[in-house]
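J.: Combine the two chains into a complex, taking the hints into account.
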Amino acid sequence: MKFYQSLSALHEAIIQGNLDHSSGFVKGSEFLSPEARLQIYIDGYRIRLASAIEADFDCLHHLIGDKEFKTLIGNYIEAMPPNHYSLDQYHIRFPHYLQALGCERYVSEMAMLESAIAEVFWMPHSTAITAEEFQKIDPEQLGKLTLNLRKASKLLEFEYDCESYLQKFRANKRPKSKPKKTRNFLLVYRHENAVKRVKLTCPEFEVLGFLSKGLSVSKAIEQVFAIHPEYAEDIANNIQNWFATWVKNGYFVPINNHY
Amino acid sequence: MVGQTAFFMCIMNKFSFPFLGFGLGLRAPHYDLVMKTKPKVGWFEIISENFIDAHEGYWEYLSDLRPTYPIVMHGVSLSIGSTDPIKKDYLTKVKTLADHIKSPWVSDHLCFTGVNGLNSHDLLPVPYTVESLNYIVDRIKLVQDFLGRNIILENPSTYLEFTSSSIPEWEYLAQLAEQADCGLLLDVNNVYVSSKNHNYDCKKYIDTIPADRIVQIHLAGHQDYETHAIDTHDQHVIDKVWELYRYTLTQKGIITTMIEWDDHIPEFDVLQAEIAKAEAIANSITMRTAA
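Heads up: the protein sequence lines correspond to chains X and P, in order. Residue numbering for the first sequence is 1 to 259, as defined by our numbering. Residue numbering for the second sequence is 1001 to 1291, as defined by our numbering.
One chain only, chain P, in its complex shape (with noise of 0.2 Å):
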């Protein structure tokens, strides 16, 4: 349940997208259970990957679900960073499938999944250069164009530095969707676990961001191997993740979000649960700002 004082002191982004309130990643294990029991639940983030090219039967649900929950495609195969062509085949089938379920907005990675006609499978970092954020925008327009829609880019989970990058990440990220006109996915486990890889300030990286670009925030949990750590979405949002949602909330204002939860997931309780604490956070930031 979206909480009345969180809707009325969301924050509009600029393209207008709508305050979604707070959701879930729609994963196979809870597809039955959704569609039976309708629960509680904001809206529901489907990997658009699992449905473009999935038969009419998976269609038909995404259909039986729409009128209940807003559902927005967020896609792992975008590949916005390659020197490879953009995949004409692929963005027909993520704009059907969007039309189809009339998602609200669309989402990938800034990231690249392959090159040279090969694909890794993975959301590989980009190096962080004048000359990849010039390029990197002329791709993000070409697929706006293609699509009829503004975007929405997420900050990759990443493991390694090029020697070559000349940009912060999050000067990049702001550069980027100023540039291109698109939006971002903010995706706060994101940023503290490239934080704990990289030794950055968080906060900086949030101050950094402009409101106004960001449409959605992802919370996820991960591992953290003392020497670094790995986005593996597999367990529940780790404190210090949760206290810096809080301070991305209270900076930037109310924000639609999502947990979530690819790996080992756990009963659907578990993660209503999660978006309760989301929404309690989001909840206590409003009714402080309103007193």
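Excised from the complex, chain X in its bound form (with noise of 0.2 Å):
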């Protein structure tokens, strides 16, 4: 057997679990047959697997039961192997493929939360532009500059309030009932070398969401006006406090860093 033909075939068999072909390409030792010593690769590759997972989405073990978690991470497991050098890349898809199970949409989206979480915590660092440094803009030329969001940030939409069930789960309430079905809206990004996650009202995702996409920040409030009017009166009021607040806390990266 070439080289390349073995190692495919040993990795194969791992990723499948399939022994069928083992003694072709694998030697037995005094002890063990082909097979018994493929299955220690095929076994170490699933527990190394489902600890990694296990580690990123400990609300949604408690949120659906040890029993469904653990189907769900070997079903995942066996469905979508890894495929990024690092092992802390492999939450990535799993919210994905929860939805497209047709898993329950709070199930999903705990999942996707959590992920989030992990997922921004590895994200490219960036700096964020300081109060001070956002009070030197001129005020007329605010409206065609394009802000961008951190690197390291992520906006999320749910149906279900995920986040107060999160929040209970780490206060170790442990809480007992599902999330409630209420459409809310949430930052997650990464300030001072900490994960951090802000509730969003519907106008605020709205119009960091239209930034994050590259508009002027006139054009993104002129867009979310068009979507949603019944927002208008609510922007106008606010978007210098939230301006101030979005600066203060860190969420966009300075004028000149674009990326």
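These aren't lab readings, by the way, just hints derived from the structure by calculation. C-beta: ideal position from N, C-alpha, C; glycine also. Misleading hints may appear alongside valid ones.
Lysine-lysine pairs mimicking DSS-like chemistry, simulated, CA-CA at most 27 Å apart [stated by the list, open to error]:
#, chain 1, residue 1, chain 2, residue 2
1, P, Lys1095, X, Lys196
2, X, Lys27, P, Lys1141
3, P, Lys1095, P, Lys1014
Here chain P is said to cover these stretches of chain X; the calculated rule only asks that three of the stretch's residues, wherever they fall, bring their Cβ under 8 Å from a Cβ of chain P [unchecked claim]:
#, segment
4, 13-25
5, 78-84
T.: In structure tokens form, the structure reads like this:
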């Protein structure tokens, strides 16, 4: 068997959990058959991936219970072998997998929230614009500017209040009922080397969403006015305060650091 | 504390990588303690993947630690044996961090972790053949050119052998190091674990590895299941591995050594006691040689 064939045969057997052709490329030992030796790698692969997922989704684990959680993880491992060098990235497709599987919406949303926290932790670094730098911007020019969110950030929309559920869980309150059904919005971002989560109002979420797509400040606001005329007053009354808070909290990169 | 006698009797590898003494794997449960108390440890080894993509707080942590300890990068994702293209983005990150912390050397494993775009996140064995040897030698040269330094490769713990293998692992490693001009990280526990799994003579393995290629030694605990052994890094180094370590130093000279403990990680003083044991063995050998 050629080199490439040997590597492929071993790797496929591990990922597929398939012992059928093991004697074709694996030697037996004094005590173990080729199948038993290959099984060590097959088991190790599944244990390793399951541990990685379990570490990132402890709240989801609590929410759906041990049996269902382990079944879903097992199915995910079989369906979605890792394709990145870092095991820390393996969680990223899990929420999409649950959604595609047709899991209850609050289940895939809880996975989305915990996955976002883990993903933002590992996202690339970017500095934040300071309040002093922001104040130096000519107010007349502000509308024309594009303000990019930090590289390590994700805007999320939920049908269920997974954030409140997660807060209770992390405060060791171990909630018993599922998250409440209520539309809500969240910014998950990393600032001062910590992952933070901030609840947003719908218009805040919409404005930040358009800014993150590269629209200028005035265009982003115009877009929200056009789509949600009901928020016009809210935006007009609060936009200055929002920007002050967003800048103070470190949501944006400096103007000259746009990526 | 590096024993004075051991320091003066250490062998010089052909790359002139420095003798760092006796170190530990730096793991998350001890990050705070190490920073706050600066315990007596010769050096620390980090898992490259725990830091190359981590946020700047982790890089600052290493920068703050660096004046006190040499910090060596040990990777698990190079996948030098894979037939997939070399991951330039990964290597760029490794190079950036290595320069940032002035890693005395950069190591990884003789293995492959994935193929055909997928990743097992395991250190999988390669078949030991002339074909694979030539192929991996070329890959090592490419990596060394990219990083601008000689790399160090570790002998893996393996649980199976390929029917296509035609070269004993120890000869394969020796030839690989010579042909690719790379260093070797001799994991004495891995030699022992693989010898249990493949029924070979550990001393013959050690004897064959060229001394001037060995830059570093790993020691760790493993699980013995009678029919086979698994490299688990979750307990003390066993006596037979300590004996093999003593044999290695006797044959090869005093070599930079570290203890790996990655699961069920104990209190820091337990790890320090393991280092002290390694250092005592090294000192006893140099005393005897000097006498």
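J.: Against the structure shown, which of the earlier numbered hints fail to hold, in ascending order?
T.: Per hint list: 1, 2 violated.
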